[in-house]
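Participant: From just these sequences and the hints, can you work out the full model?
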Amino acid sequence: MIDRLFNWMDDRLAISRGGRHLLNKIFPDHWSFMLGEIALYSFIVLLLTGIFLTLYFVPSEATTIYHGSYRPLDGAHVSEAFASTVNLSFAVRGGLLVRQMHHWAANIFVGSIVVHMLRVFFTGAFRRPREVNWIIGANLLILAIFNGFLGYSLPDDLVSGTGIRIAFSILESVPIVGSYLAFFLFGGLYPGNGAIIPRFFIIHVLILPLIILGLLGAHLGLLVRHKHTQFKQPGAREDNVVGTPLWPTFMTKTLGFFFLTTGVTALLGALVQINPIWQYGQYYPWKVSYAVQPDWYMGWLDGALRVMPSWEIHFPGHMIPNAFFPGVLLPGVTFTVIMLWPFLEAKLTGENVREHHLLDRPRDRPVRTATGAAVFAFYFVLFGASSTDVLANYLSITLNTVLWSFRIAAIVVPIVVWPIAYKICKELQGTPNAGKRKVHNIVVRDADGGYRTIPAEEYPGYVGAELEPLDVEKIEVLTAAGKVVEPGVYEIPRDYR
Amino acid sequence: MRRARWFSRRLAVPAAVVIAAVSLGMLVWWPASTPSLAGTVLTASVTKSTNHKPNLNLGKTLFDETCASCHGSSAEGSAVAPSLQGLGAGTIDLWLSSGWMPLAAPGAQPARKPPKYDRAQNIDIAQYVASLSNYQGFPIPKVNLKGANVANGFSVFAEICAACHTITGAGDALSGGIIAPSLHDVSKTQIVEAVRTGPGNMPRFSSGVISNAQLSDLVAYVTRNIQHPTSPGGLGLGGVGPVAEGFVGLFIGVGLCVLAAFWIGDRTPRGPLGVEQHGDGEGGSGGDGGSPGPVGDDGGSDREIQHV
Numbered sequence: 001m002i003d004r005l006f007n008w009m010d011d012r013l014a015i016s017r018g019g020r021h022l023l024n025k026i027f028p029d030h031w032s033f034m035l036g037e038i039a040l041y042s043f044i045v046l047l048l049t050g051i052f053l054t055l056y057f058v059p060s061e062a063t064t065i066y067h068g069s070y071r072p073l074d075g076a077h078v079s080e081a082f083a084s085t086v087n088l089s090f091a092v093r094g095g096l097l098v099r100q101m102h103h104w105a106a107n108i109f110v111g112s113i114v115v116h117m118l119r120v121f122f123t124g125a126f127r128r129p130r131e132v133n134w135i136i137g138a139n140l141l142i143l144a145i146f147n148g149f150l151g152y153s154l155p156d157d158l159v160s161g162t163g164i165r166i167a168f169s170i171l172e173s174v175p176i177v178g179s180y181l182a183f184f185l186f187g188g189l190y191p192g193n194g195a196i197i198p199r200f201f202i203i204h205v206l207i208l209p210l211i212i213l214g215l216l217g218a219h220l221g222l223l224v225r226h227k228h229t230q231f232k233q234p235g236a237r238e239d240n241v242v243g244t245p246l247w248p249t250f251m252t253k254t255l256g257f258f259f260l261t262t263g264v265t266a267l268l269g270a271l272v273q274i275n276p277i278w279q280y281g282q283y284y285p286w287k288v289s290y291a292v293q294p295d296w297y298m299g300w301l302d303g304a305l306r307v308m309p310s311w312e313i314h315f316p317g318h319m320i321p322n323a324f325f326p327g328v329l330l331p332g333v334t335f336t337v338i339m340l341w342p343f344l345e346a347k348l349t350g351e352n353v354r355e356h357h358l359l360d361r362p363r364d365r366p367v368r369t370a371t372g373a374a375v376f377a378f379y380f381v382l383f384g385a386s387s388t389d390v391l392a393n394y395l396s397i398t399l400n401t402v403l404w405s406f407r408i409a410a411i412v413v414p415i416v417v418w419p420i421a422y423k424i425c426k427e428l429q430g431t432p433n434a435g436k437r438k439v440h441n442i443v444v445r446d447a448d449g450g451y452r453t454i455p456a457e458e459y460p461g462y463v464g465a466e467l468e469p470l471d472v473e474k475i476e477v478l479t480a481a482g483k484v485v486e487p488g489v490y491e492i493p494r495d496y497r
Numbered sequence: 001m002r003r004a005r006w007f008s009r010r011l012a013v014p015a016a017v018v019i020a021a022v023s024l025g026m027l028v029w030w031p032a033s034t035p036s037l038a039g040t041v042l043t044a045s046v047t048k049s050t051n052h053k054p055n056l057n058l059g060k061t062l063f064d065e066t067c068a069s070c071h072g073s074s075a076e077g078s079a080v081a082p083s084l085q086g087l088g089a090g091t092i093d094l095w096l097s098s099g100w101m102p103l104a105a106p107g108a109q110p111a112r113k114p115p116k117y118d119r120a121q122n123i124d125i126a127q128y129v130a131s132l133s134n135y136q137g138f139p140i141p142k143v144n145l146k147g148a149n150v151a152n153g154f155s156v157f158a159e160i161c162a163a164c165h166t167i168t169g170a171g172d173a174l175s176g177g178i179i180a181p182s183l184h185d186v187s188k189t190q191i192v193e194a195v196r197t198g199p200g201n202m203p204r205f206s207s208g209v210i211s212n213a214q215l216s217d218l219v220a221y222v223t224r225n226i227q228h229p230t231s232p233g234g235l236g237l238g239g240v241g242p243v244a245e246g247f248v249g250l251f252i253g254v255g256l257c258v259l260a261a262f263w264i265g266d267r268t269p270r271g272p273l274g275v276e277q278h279g280d281g282e283g284g285s286g287g288d289g290g291s292p293g294p295v296g297d298d299g300g301s302d303r304e305i306q307h308v
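Chains as they are written, first to last, in our numbering: chain A, 1 to 497; chain B, 1 to 308.
No lab work stands behind these hints, which were simulated from the structure alone.
Computed from a predicted structure; not experimentally measured.
Idealized CB from N, CA, C, for every residue including glycine.
Please note that the accuracy of each hint is not assured.
[As the list claims (entries may be wrong)] Computed, partial: chain B to chain A, Cβ under 7 Å:
1) 147
2) 151
3) 163
4) 164
5) 168
6) 175
7) 177
8) 234
9) 236
10) 242
11) 249
12) 256
13) 262
14) 265
Facilitator: Put into structure tokens, the structure is as follows:
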């Protein structure tokens, strides 16, 4: 019956061949190839929880008088956006849980993109023919950061309002066009005429998610087109793909991983408070709280603003304000260099003549690894600098000392990290079995007092010795172009379409 | 690969069950939160008297014993300590009850610590010092919070106090080594004394800036909502904002996900013909030239093939 139904459909839709083809796709299996999936799945969590939130959030700056259950705000003049966010936290069943899951998922989303990007960088997966996908990924990171900032601003609370104020000033600091840009986005002088929240809302829930979805499709489409890279290992060559098929092995694993990612988000959303806006209250331009920072993915920019010395450049009739350098120039240079890196490296190493499908181990490219580590250390220092006041308070030292420490660290730490990373790479290269699981040795004493060592037997938990091969005949039939490396693991030519 | 298959078969079901259970549990257990209703409307006031009847003789004894060595026998001040005359009992009480005075050592920075004397002794000393001058200064207040309005207090707090003490009252380091202390362990009397007398670098706010009624609202907000915040949503992370949240998101959120990937994902097997023979360092030859042949042809053992 079901067979007949499927046959009927396939006669008309003709999807079985392509579908079968898709199900037979071979994915090299390595834990680090799953980091990007964290981003994908937290994005799905973001979409689902975000849809729930839009049911209750009112994107308006119109003033209303709060009369909800939170007593310290009773009778306060607040915006519709703020009031609805407090209400959805307190008065909607599960509302706070979903809101916190949304916020944590955003943190995890951007974080996993960064971790995924580091993996791609350090293993050289951005090289020809994947430069375009690298650029798409970098753009996804930019969009994720932007959208995170917009979403963080939507509740119109005291802390995020301060962030919007800073964003306005940074936008204004762009030479020549800055004030026009700022006026265009905010609909006039700060704080705008009630335009900020509605505009941010539509960008946050519609425009940027659509662009992200589109780029995500292109990102994954190119992944399918190029086939995944693989680590150097016996049997893996530039012209083949060794791994497990999409169905059933990869699919079950990735589905399990989806549940795990969602579970982590749900646990954080349920157990750890994030952004308690009712404690912050409504944002007014004349109210400000000390110790205000943005979410972590903007933290490196905030840190850069803090550690930047107060330099300005004066021209006759024009001035480049201080905020331009850390607020506009730094991210601009950062993402430009990131996007150009594949071409820069190809130029430097002269390796652009052929395609690269085998990954480097980071140690095999000490210069690239050391450079990446040093640059990452620089941004990590900037991230730390966004908490200068918190650190000064907890360590009971003066804020100025902390600030100067970060200024020095931002320059010194990358310089120190580079040679250390380089040296570690070189040392690892000279250690053939570094990172490989060791077999225990047993020291035995002879009757006449001599000592010798004998390798221990495999310990009982060693999986390779326990599992029997599974029956995979059905799938073998369907991978006509490939061949079986071992039951469940296949090899296909890389140019197989 | 075998590890991978082993996990993938066993992972999906338990993971799904755990997540479903957690999510359901949360939805059921999570009530529509109802913050406690604090503050009823009567009349609010800050009156200037205390119930304790001061014993000036005891105050003088304690002053001579502890304070006079620096501040002088009649609180006239010295080269190492300021005059206390005319400061008022409220100022003296605040500095004693907060543990700022006496200093841990001459020349040390005033630091929050358990007070040296008990409540009655503090008042004795404060009243004694106040009696040394004709100008009475700000007396020790009696704070009555009946009818205080925490909503008004929140508004005043956000406008005036949060700029240094932070909106959650966690306190923070300002520039130049100045600390805006945490408000989580201050008493009603201390708040009023601090607002009206302006200890250290804190500005002094007269009743023209913060009226007595506003002040009692403020005290009510700090002692009820700052010190006992309505805080649904789980662990509060110290009220220091997004930096702490960022660390949790990165190291616990992303960290757990990466651990999960490491758990269910495969490792790179490295047989004798693995990467090492190609890895000649920067600008190395890449991996295609001398790649091992098809699996099984490279003379590997059975175990090696199992690793692929």
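Participant: Of the numbered hints stated earlier in the document, which are not met by this structure?
Facilitator: 1
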